[in-house]
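Student: Sequence:
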Amino acid sequence: SYVEGVLPYGERLKVKGLNLLSAPGNDLVAATALASCGCHMVLFTTGRGTPFGTYVPTMKISTNSTLAKNKPGWIDFNAGVI
Numbered sequence: 313s314y315v316e317g318v319l320p321y322g323e324r325l326k327v328k329g330l331n332l333l334s335a336p337g338n339d340l341v342a343a344t345a346l347a348s349c350g351c352h353m354v355l356f357t358t359g360r361g362t363p364f365g366t367y368v369p370t371m372k373i374s375t376n377s378t379l380a381k382n383k384p385g386w387i388d389f390n391a392g393v394i
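Per this note's numbering, residue 313 is the first one in the sequence shown, and the count goes up by one each step.
Any given hint might turn out to be false.
Simulated DEER-style distance windows between Cβ atoms [said to hold, decoys possible]:
1) 385 with 318: 14 to 24 Å
2) 339 with 376: 11 to 21 Å
3) 375 with 338: 34 to 44 Å
4) 340 with 388: 14 to 24 Å
5) 376 with 320: 31 to 41 Å
6) 316 with 381: 31 to 41 Å
Think of the hints as simulated: they come from the structure by calculation, not from any bench. Glycine residues also receive a C-beta, built at the ideal position from the N, C-alpha and C atoms.
Produce the complete structure using the sequences and hints provided.
Tutor: Below is the structure:
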């Protein structure tokens, strides 16, 4: 899939497709910015197992298999095997 656009912080989605958002690195602030711009899904990567959720559906992706094994209720996808 091609990146259709890169949005500045606070801007609403203008074109359909994969868009990226330039936002602060803080998990909660970034997720709020994503929700406000109109995103439909958050892909949240973690290496420490932050129990994070937001206003929109969030897929939690583990960066290592140990985390995915130890926190199966928090992790949706184990990227440690890739």
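Student: Does each hint hold? Answer for all of them.
Tutor: Hints versus structure:
Separated by about 34 Å at the C-beta atoms, residue 385 and residue 318 break the suggested range of 14 to 24 Å. Range check, residue 339 to residue 376: about 18 Å between beta-carbon atoms, so the 11 to 21 Å window is met. One distance hint, 34 to 44 Å for the beta-carbon pair residue 375 and residue 338, is violated here, with the actual separation near 18 Å. Between residue 340 and residue 388 the beta carbons are some 19 Å apart, a value that agrees with the proposed interval 14 to 24 Å.
Separation of residue 376 from residue 320 is about 32 Å and conforms to the stated range, judged on CB atoms against 31 to 41 Å. Separated by about 36 Å at the C-beta atoms, residue 316 and residue 381 satisfy the suggested range of 31 to 41 Å.
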